[in-house]
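Engineer: Once you have looked at the hints, place chain B on chain A.
Going line by line, the protein sequences match chains A and B. Start counting the first sequence at 1; every next residue gets the next number (this note's numbering). Start counting the second sequence at 1; every next residue gets the next number (this note's numbering).
To be clear, the hints were calculated from the coordinates, so they are not data collected in a lab. Keep in mind that this is a model prediction, so the values were computed, not measured. Hints are not guaranteed to be accurate.
[What the hints assert, rightly or not] Quick partial rundown of chain A residues pointing at chain B, CB under 10 Å, derived from the structure:
1) Glu31
2) Tyr34
3) Gln38
4) Ser41
5) Gln42
6) Gly43
7) Tyr87
8) Pro91
9) Asp94
10) Tyr95
11) Ser98
12) Phe99
13) Gly100
C-beta atoms are modelled at their ideal positions from N, C-alpha and C, and glycine is treated no differently.
These are the residues of each chain, in order.
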Amino acid sequence: DAKTTQPPSMDCAEGRAANLPCNHSTISGNEYVYWYRQIHSQGPQYIIHGLKNNETNEMASLIITEDRKSSTLILPHATLRDTAVYYCIVPTNDYKLSFGAGTTVTVRA
Amino acid sequence: GAGVSQSPSNKVTEKGKDVELRCDPISGHTALYWYRQSLGQGLEFLIYFQGNSAPDKSGLPSDRFSAERTGGSVSTLTIQRTQQEDSAVYLCASSLRGGSTTAVDTQYFGPGTRLTVL
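Chain B extracted, bound-state conformation:
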C-alpha cells in the first residue's frame, strides 16, 4: 500500500520567510510524528500526534515552529521567520496505534522534505 508521503521534497527559502511542510500518513494510522535530521546528525524529535489527544510538542525548538493535524490525517509543520539553522531534512512518520509508556509502535517514515534557508 501507499507509504507516508511528504511535500515538497525540497524547499529553498530566504531567511525570514515562513514555510509549510506537509505530511500524509499511511491510511488508518492514528499516530503521526515529526522529526528533523541535520547534516550528519541523528534524529531530533519535534512533535507527536495521537488520535484526539493533545499533541506532545516537547521537541519543538522554538515558538517559531508549530504543527497541526487536521481530521486525524494530514499534518502540516509550519516554520515562521525561518533561520539558517532551520536548514535540515524534516521527516514525518506514522504508526498504527502510537507509542505509550508500556509499548512502542513501529514507525514508518516518509521520504522527508529537505529545507534550505539561505
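The shape of chain A in the complex, shown without the other chains:
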C-alpha cells in the first residue's frame, strides 16, 4: 500500500468537528484514499473513501487536496462513541489491506 502518515493522537471536544489529517504524497493517479476506524475491541469499520472529489456520507466527509497528496477526514459533530483509532489507507490495486498505526482520537465530554 502507498505510505500514509497520520498524527499519532488527537483530542476532540464532544459536539465539535474533528478534523483528521493524512498525508499520502506517493499516491498514484488511480489509487483511492480509504478511511476505517476501530473502536476498542471491535472490528474495523469502513467510514468513507474517495479518489479526487470530496465525498460525504452519513458518517463523515472526506476532503482531498487537488494534488491528492493529502486528505482530511471530518467528523462533523464528534460524540463519545467516535473515540477510536482512525486509519487512513491507500490500498494498492490488490485486496490485502494493511493498516498503519493510525490516529487515536479521544473525544472528551
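Structural biologist: Relative to the frame of chain A, chain B by itself:
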C-alpha cells in the same frame, strides 16, 4: 442490512487443540477475506475467496491453518494443533465484487473472534 457476523466472539482453548472459526458474510457479497490482528499489531492478511476461483492462501502462516467457503457464502477458518502464538483476533471481511489488479473493492469487517491459546 445485516453486516458480517462471526462466531464465536471469544474462544479460549488449550495448546494443541483444534479450533474452528465461522464467518457469515454480507448477503450477496462474492468476496470473503480472513485477517488476524495480534495485540498492538496491524492487520495480517490470511486468505481470500472470490466466487468460484481458487482461493489466495498466500497469507496462511503454516499448514496448521486452513479455510473453506461452502456454497459461496459461509466460511470456516480452522486452526489445528493450536499454539500460543496463534492467540489473536481473527477478522473476517466481505466485499461485493472482490479486489483485482485494477480495482480495490470496499471491505466490510465483522466483529472478530478473539482466540486465546493457553
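Engineer: It remains to establish, for every hint, whether it holds in the given structure.
Structural biologist: Quick rundown of the hints versus the structure:
no., hint, verdict
1, Glu31, "holds, 8 Å"
2, Tyr34, "holds, 7 Å"
3, Gln38, "holds, 9 Å"
4, Ser41, "holds, 8 Å"
5, Gln42, "holds, 6 Å"
6, Gly43, "holds, 4 Å"
7, Tyr87, "holds, 9 Å"
8, Pro91, "holds, 5 Å"
9, Asp94, "holds, 6 Å"
10, Tyr95, "holds, 3 Å"
11, Ser98, "holds, 6 Å"
12, Phe99, "holds, 5 Å"
13, Gly100, "holds, 7 Å"
Violated hints: none; the structure is consistent with every hint.
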